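Enquirer: Dock chain V against the given chain L, drawing on the hints supplied.
Number of protein chains: 2
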Amino acid sequence: MTSSDLQEQLNMKALSLLQEDADKIEKLIEVQMENLATRYCPLYEEVLDTQMFGFSKEVDFAVRAGLVNPLVGKQILSKLERTLALLYEALNTKE
Amino acid sequence: MTSSDLQEQLNMKALSLLQEDADKIEKLIEVQMENLATRYCPLYEEVLDTQMFGFSKEVDFAVRAGLVNPLVGKQILSKLERTLALLYEALNTKE
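Protein chains in written order, with full-length UniProt numbering: chain L, 1 to 95; chain V, 1 to 95.
Just so you know, the hints here were simulated from the structure itself, not pulled from any lab data. Here the structure is a predicted model, which means the values were calculated and not measured.
The list treats identical chains as interchangeable, and a pair is accepted whether it falls inside one copy or across any two copies.
Straight-line distance between alpha carbons at most 30 angstroms, and here's what the computed DSS-like set of lysine-lysine pairs gives:
id, residue 1, residue 2
1, Lys-24, Lys-74
2, Lys-27, Lys-94
3, Lys-94, Lys-24
4, Lys-74, Lys-13
5, Lys-13, Lys-79
6, Lys-24, Lys-13
7, Lys-74, Lys-27
With the rest of the complex left out, here is chain L (with noise of 0.2 angstroms):
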């Protein structure tokens, strides 16, 4: 293997490592979305928001470790945000 070769892998690989996480967190969010109108539990926006913090911390770090683009970084963290804001528009919407 040459050695872009397996940079291009080590990138690939850490991509598909923050999109995995990436979904996990999307995955929660669509939880408390489904449940709005019947069970809201409150710790959820805690979890979310610790959740959050986590993966912008790993996002950081494969950025600072060069095997993701800095603009594709953002572009992961900002599609989360913006679903985690449509959440809580939907929670105060709901108050």
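Expert: Frame of chain L; chain V shown alone:
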């Protein structure tokens, strides 16, 4: 550059980034240790816990991405946890 050179370079980069972040947290702990007698800030514990959580996510990611040996990752975390435990012990003795 051969692919094994590149892998080694990326691994060293990842390790030095982790060490850099561990040092920052250790510095936070030291500051609190030094101020134990004079001005204890209760928010410090929360800040340290949050930083530790974020750091553990970084280490975890570096291991999953194949940049850091799982055992080495564990050692870096344990070392920091021991330092933190010393601080908490000192806080309890003071109370």
